[in-house]
Amino acid sequence: MGSLFSPKKILQSQYTMILVMIRNIIFLVLGIMLGIRLTDFIGYLKLWRNNDLRASEKAALLKYPVASEEHLATWLRREVRILCLVLTMPSSHATKAALVNRTWGARCNKLIFMSSQTDSNLNILQINKSESRKNLYAKVRTGMAYVHKHYLNEYDWFLKADDDTYIVMENLRLFLYPYDPESSVYFGCRFKAYFSQGYMSGGGGYVLSRDALRRLNLFALNSTTICKLNGESEDVQIGHCLQDVGVIAGDTRDFQGHHRFLPVNPFTVFPTILSNSWLEGYFFHKPNKSDCCAASAISFHYVKDFEFELFEFFLYYMRVFGLHRTPRALPSRLGFRQMNERLQHWSQQVTDNKN
Amino acid sequence: MPRLFSTRRLFLGGKNAIYLLILGTMFYAVMLHLPRNFKSREVVESYGPPPARIFCIISTYAYRHGHAAIHIHRTWVRHCDHYLFVSDDIDNHLEPAVFMNMPDKWHRMRAYLEYVYKYHFHQGDWFLYCNDDNFVVVDNLRHMLKTYSPKELIYFGCKLRTTNGLVFMLEGSGIVFSAAALKRFALTALTNESICSSETKGNDFTKELGRCLTNVNVIAGDSRDEFQRHRFLPFDADLHLGSSMNESLENHKYFLDHSYYPVNDMNLPVSLHSICFHVPYTLNIYDLYYFAYKTRIFGVPLNLGFENERMGLENKTA
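Sequence order for the protein chains is A and B.
Counting along the first sequence from 1, when you hit position 217 you're at 217 in UniProt numbering, and nothing is skipped either side.
Counting along the second sequence from 1, when you hit position 296 you're at 296 in UniProt numbering, and nothing is skipped either side.
These are computed hints drawn from the structure, not numbers from a lab.
All values derive from a computational prediction rather than experimental measurement.
The C-beta atom is built at its ideal place from N, Cα and C for all residues, glycine as well.
Keep in mind that a hint or two might mislead.
[As the list claims (entries may be wrong)] One side of the interface only, derived from the structure: several residues of chain A facing chain B at Cβ under 7 Å:
hint, residue
1, Pro271
2, Ala295
3, Ala297
4, Val320
[To be verified] In silico EDC-like pairs for lysine to aspartate or glutamate, Cα to Cα no more than 16 Å straight-line:
hint, chain 1, residue 1, chain 2, residue 2
5, A, Lys304, B, Asp236
6, B, Lys294, A, Asp291
7, B, Lys146, B, Asp125
8, B, Lys294, A, Asp254
9, A, Lys354, A, Glu280
10, B, Lys146, B, Asp225
Work the whole structure out from these sequences, hints included.
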């Protein structure tokens, strides 16, 4: 009679507690399932990342039927055909020229020495000019004309070097592979000059594309107004000629800004390039003084006689156990539009070296 | 019917914002711990037993800290498992162990080895002693020592012998001691005057070292490779690679007279897995380090097995 705890209400409260307990159990089970699923998802993310790496490597290997880097280098030797023109003189035939012939010159597709006297041990193009610095330009012109006349269509790139240059031909082929030899471009160690494009250091070696060599011979060397003989250095004059006939100076640095072509011996740029040296002021692209050189080095200059064998041993034969890097595939060849964009970018470069 | 599955809690607001914030933080923390660094290391792990730990002892002097030892500190010495510079004065960068008032080389050598045995013996299986004008490819040394045990009584270097048959190692081209050899030298040889003399020996201290180690049954090992090419080179790399030895030079004549192995045509065959070079101009260490560890040629493999080794050899001789 008017009691607060009626039997009906007590039964309803018990029923509610049972339902609340059921709800809690359901939520707990769902939470556990969600947690387990989340753990699987995290594991899936890790596996997916690992699979992604393997997939990219697999794609890189499937891009070419021969996966080995050694096989690619052998194939590259026939794909990027480089004719090497090496300036020498009779007093260097038995020393520097013979060393070039035995070391890096043997890896050229064709090797031609330019000298004033012939030699039975070397493939010499005899140029009847006295050996002096002022005749270097005329010598190089004669060599370029000869190569243009006889070998223009048999080779893709034409390298000019001195007999105290050391060229890593495999890295040069790897560097040149993406570029079209019918585009008007040349590569080397780019120096500043009084003309805007600059020139490539002669001693560090420069490499002309087929179209560059064609333009040089058809438009420049046959002209009486362009490329007149003057007192400048051979490489400055060649650089000026090539700019006048529309050949673009390419950028040979790697993606970290390290220089692949060196105009000096590497023994003079480590650990730092000395301040106020002649070298610091010559570079078109300002080098990082304490980290100047690329891992994919191509050229060294002022190489002494014994250093040819030293470079040969350390670069090709010396083995450091445990040193392992991912095998590389060849980069893609640039299409017509991409090549034009690259040429445009190179032609618009200005020097950042204010020394 | 009470509302057991309330829909108000699914909307953002009030306590729900706090719960969602906590959940988001947890999710972010989980994503943060996912491994994102798949960069390949410069030197990868090798299969099989762990490689030997190499403790490097670099002997230098105070007047050479700034122009010789500091460049070693920046280049090849970081490939050692542990290293210690020993000198006659302190240096902030090198932190050498200092041994003063010891003019004799043999006394210094004894002190160095005793110090290393007392305080650093637990840090290495092999102990490399060299000067501050050496360039050492420590990874090639580690590979050479794979076939030896640090429990063997053996030491390596550029092997020489005297006319009466005493075998010793050339000074200046690196000497490698096994842990057992160093222990026996420190415990048995140094404490016994009849086995190992403590008199001054001058420039002949490596001879005395060879005599001491022979007296305690430590073997002078053959450090050449399987083609009898030398790994510990007595002179500069450019001399061994591009030139010849000259009998009219005193140090060349000394080596030619005392060399343990025969020398043909004034030339030593150089191993493709060379270990120790002498560097006359210390800044050239950066160049050798650049050539050995940094430069990379397309198509030239960096880690050859045995079969490719022969191919490389044939290409070289062709």
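Review point. What hint numbers does the structure not satisfy?
Key: none
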